[in-house]
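Participant: The chain contents come next:
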Amino acid sequence: MASGIPYDAARQRWQVGATPPKRADEVSVPDLLKGYHPDHGPRARVSLAVGVNRGDPCQPDFAGHLQANALIDDVHIAGAQLVTTDVLVIGGGGGGCAAALTAAKDGARVILATKLRLGDSNTVMAEGGIQAAVGADDSPQRHFEDTLRAGHFCGEPELVAQMAMDGPAVIRWLIELGMMFDLEDDDRPLGGKLLRKKPGGATAARILSYRDYTGLEMMRVLREAVELEPGITLWNRCPVVELLSDDHGRCAGAVVYNLEWRCFVLVRARSVIMATGGAGRLHLNQFPTSNHYGATGDGLVLAYRIGARLRELDSFQYHPTGIAYPRHLAGGLISEAARSAGATLINGEGERFVDELQPRDVVAAAILRECAEGRGIERGGQVGVFLDTPSLEKANPGILAKRLVTLRHLAKKCGHDAAEEPFLVYPTLHYQNGGVAIDRHGATGTPGLYAVGELAGGIHGRNRLMGNALLDIVSMGRRAGAAAAAQPADGGTLWGRAGIGHVHAWQRELTLAGLPLDVRAPQLFPTYAHFDLGADAGLGAGMPAHGVGGIR
Amino acid sequence: MDSTLNQVLMKPEVRVGADLAAWLALGGGEGLANAVRDPQAIIPLIADADLRGMGGAGFPTHRKWAPVAAGPAGDKYVICNGNEDEPGTFKDRFLLEHTPHAVIEGALIAAVATGANHVVLYVNPHEKQAIAAVGEAVRQWRDLGHLAPVEAAIGGPLSLALVPSSGLYIGGEETAVISTVEGGFPFPRRKPPYPAQSGVHGQPTLVNNTETFAHVPGILRHGAAWYRNLGLGDASGTKLYSLSGDVLRPGLYELPMGTRLDTLVFDHGGGLLMGREFKAVFTGGPSNTLLTKHHLDVALDFESVRARGSRLGTGAMIVVSEGTSIVRKVAEYVDFFSHGSCGQCPPCKGGTYQLTRLLNRIDTGRGVRADLAALENLCGLLPGSGRCGLVDGAVTVVASSLQQFRDEYEALLVS
Chain H
1 MASGIPYDAA RQRWQVGATP PKRADEVSVP DLLKGYHPDH GPRARVSLAV
51 GVNRGDPCQP DFAGHLQANA LIDDVHIAGA QLVTTDVLVI GGGGGGCAAA
101 LTAAKDGARV ILATKLRLGD SNTVMAEGGI QAAVGADDSP QRHFEDTLRA
151 GHFCGEPELV AQMAMDGPAV IRWLIELGMM FDLEDDDRPL GGKLLRKKPG
201 GATAARILSY RDYTGLEMMR VLREAVELEP GITLWNRCPV VELLSDDHGR
251 CAGAVVYNLE WRCFVLVRAR SVIMATGGAG RLHLNQFPTS NHYGATGDGL
301 VLAYRIGARL RELDSFQYHP TGIAYPRHLA GGLISEAARS AGATLINGEG
351 ERFVDELQPR DVVAAAILRE CAEGRGIERG GQVGVFLDTP SLEKANPGIL
401 AKRLVTLRHL AKKCGHDAAE EPFLVYPTLH YQNGGVAIDR HGATGTPGLY
451 AVGELAGGIH GRNRLMGNAL LDIVSMGRRA GAAAAAQPAD GGTLWGRAGI
501 GHVHAWQREL TLAGLPLDVR APQLFPTYAH FDLGADAGLG AGMPAHGVGG
551 IR
Chain U
1 MDSTLNQVLM KPEVRVGADL AAWLALGGGE GLANAVRDPQ AIIPLIADAD
51 LRGMGGAGFP THRKWAPVAA GPAGDKYVIC NGNEDEPGTF KDRFLLEHTP
101 HAVIEGALIA AVATGANHVV LYVNPHEKQA IAAVGEAVRQ WRDLGHLAPV
151 EAAIGGPLSL ALVPSSGLYI GGEETAVIST VEGGFPFPRR KPPYPAQSGV
201 HGQPTLVNNT ETFAHVPGIL RHGAAWYRNL GLGDASGTKL YSLSGDVLRP
251 GLYELPMGTR LDTLVFDHGG GLLMGREFKA VFTGGPSNTL LTKHHLDVAL
301 DFESVRARGS RLGTGAMIVV SEGTSIVRKV AEYVDFFSHG SCGQCPPCKG
351 GTYQLTRLLN RIDTGRGVRA DLAALENLCG LLPGSGRCGL VDGAVTVVAS
401 SLQQFRDEYE ALLVS
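Sequence order for the protein chains is H and U. Per this note's numbering, residue 1 is the first one in the first sequence, and the count goes up by one each step. Per this note's numbering, residue 1 is the first one in the second sequence, and the count goes up by one each step.
Bound-form chain H, shown alone (with noise of 0.2 Å):
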């Protein structure tokens, strides 16, 4: 991060309540993205040298980790134990929740393997709500339009279509479940209409809300739901290291690496649901990150390496307002509900400088573009410019105790008051737009390998709004645990050889394109765990000493 102008000079320069008006700005919204958000510039891309993609474009960062070795050898697995079922689920988050939910209940074994504890995931810190187009002044039209528009017109129009239609089934679905939305106030005693609002980007009131924390109460019906249903067989602390191939270059299965009893396990399955979610503890371009520990782009990984197609590679969200200070809790997330009741954005000459509504990426370029110029705040080593929190309180007084309670919380745990400070922000890495390409059942390029939610792109085009990550992994997890069920018994057979051959397969290629075969992937934790799967597993030589990051 660059310098920037000293806290205490910032803060004198500020003033409580007295909002300036935003300075007039002679640079327009496409050369503020080209010039300044992390998706753009020279440096933003490389071309993949091995794989389905070879030649696609691809973040930097990113491709050391899609084109690095396997984690694991034939002999590391040798004497592993066997398990065998119908449907393996990769990831405890919503989307693997559903999909286990959904094939369950249509009769297939399920086994639920988790990389953290069921629910770790980036389901739970979803504030805002999740959209459905479920007001008579709405449709699942304009929900299509609005989320394709969004995306650039990146995103796949059949799959944005059929998360819209889904839309309302998914709430009747979660409501079943026992999940509670925000009311409309009206005088009945019992039951009445859900409160509708508004999101950015979107021409209607589309998003259904849970206070504060939607994800949170829909991850504890999901986890209640899965622990209680018998088909499913749970497994925490269980990252999945390698998939399994057959001869056909089906996927078989999956190397699982149990972190308590430190073995491998293999799972045979008759298909893969993958939902491990996002990279943003990868850290690309060295942000913070907003994601949580587990967010680490296995699947991605372990995908691509099989021979399932990727797409938008070069394309993540920045969230605009991550914590900047301080240093410890860098990168957490400032939900957008702050910006959509009026709190603005102000930088260390006491200036205004961004139309705070504007779409994510722009709100984040702008504050890059301010940091980058020196007109940040510095504080404790950390640059970002303030959010205005205490402005709005004074316009507004009360807001912050009835309806930003988690941000009031946040403030108290960064060490001040959201009325009388405000906070310093920075750009996050929120989240993937792109991913593994799928089809209308989530079903990959590799046969018998399904991805669903923040792994899979396709439907966010290159811009994802507020509220569609949560009805898209729902929407798609059930889609993709029927579909995976539904797999007749002889288009994945539980016999026959599976092994790691395309691993074999994949050394052959990076020998060939002489890339390094001693960097190695997936990461699962971030650099900073220090976690070591050779010497976890007691391996010994062979096994790697550092992940990606570790290396960089």
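Derived from the structure by calculation, the hints contain no laboratory data. Some clues are possibly wrong.
Unchecked claim - Some chain U residues close to chain H (C-beta under 7 Å, calculated; not the full set):
{"#": "1", "residue": "Leu248"}
{"#": "2", "residue": "Leu252"}
{"#": "3", "residue": "Gly323"}
{"#": "4", "residue": "Gly365"}
Backbone N, C-alpha and C define an ideal beta-carbon position, used for all residues, glycine too.
Given the structure of chain H, go ahead and fit chain U onto it with the hints provided.
Facilitator: Quick look at chain U alone, frame taken from chain H:
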């Protein structure tokens, strides 16, 4: 690149596919013309060239042809076996797809030599491109009137037909081929009587591998000496080696018969993946024994490999490096056999199943010492108990791995 690589069957310019005109323009058909000119000279010429059965046995080809030729007049069959379904073998599908006319011409020459009036191309339907190319090639031979000289030589009408196999592994066994061509399930039959005496519908029948037939037109065209000189040492001709496993450049390589194993693995295959150590190779697909690093200098021809206690088989070389579990590989192959068993002989049906079960137990870390003893008992009991060689093949690979890599089995047992 090495001038000895791909010099005959896989020469890039002869890969014309099903285009008969292109094949004839390259000098194809000359071998058949020579054969028709003097049918009596064919079998001595093949004998002189020392052509072997490339399907795995290495049996001298002329000794299969002669009894069919000597059989009583009447219906006789020539069958080209293109069922190819063994793990690690992928040569016949290449020939059938890229040079089907070489194969058909070779089979027609065999018909001229033996007086057969039925020529059957028996192809695995799972190889879609191969079966499409053969279908088109057969149509062109029939429609363009090129069968007339053959019919003149055998003195009667000739039928040339494509018969899709069942696609099952067992369907590649010689007598199972005959069962399928008769329209039945591919159950192998007891030998003797050998097919040369009593094959399809009790008539004399010649069954040869696709690659064997593909070599025939060249011998008829260029002579036996030319063919013998292609080989290294005492071996003659070229061989298609299917190289797979942990090597950098797996693939199909046509090399002189008698090329050394290390030449194939290191010079052509680019050495082992990730710079690992060479551990072993399953020759000829899994029904043969293992060669270890002590055998890297072996010349890959039928006699030299046999002298080391293994067999060349189909020319498949599945390379295993240090770090790859032999037990797992063996378990996978025996699993393949147990699913490939046709089930008519109980010792094979049950025996391969039990072998798989024991190997999987040991491979997945659940095996005890008694399992290893049971495995060894089965290896003593099962050989020779089936009508065909399937159960023998399964036992051979288990016994060979037990003999050479017993420590790996022991290391996996529950202590």
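Participant: Compare the structure with each hint and give your call.
Facilitator: To see whether the hints hold, each was checked on the structure:
1. Leu248: This interface hint holds because 6 Å falls under the 7 Å limit.
2. Leu252: Since the shortest Cβ distance to chain H is 16 Å, the answer is violated.
3. Gly323: For glycine 323/U, the interface hint holds, since the closest Cβ of chain H sits about 4 Å away, which is under 7 Å.
4. Gly365: Holds, because the Cβ-Cβ distance from glycine 365/U to chain H comes to roughly 4 Å (cut-off 7 Å).
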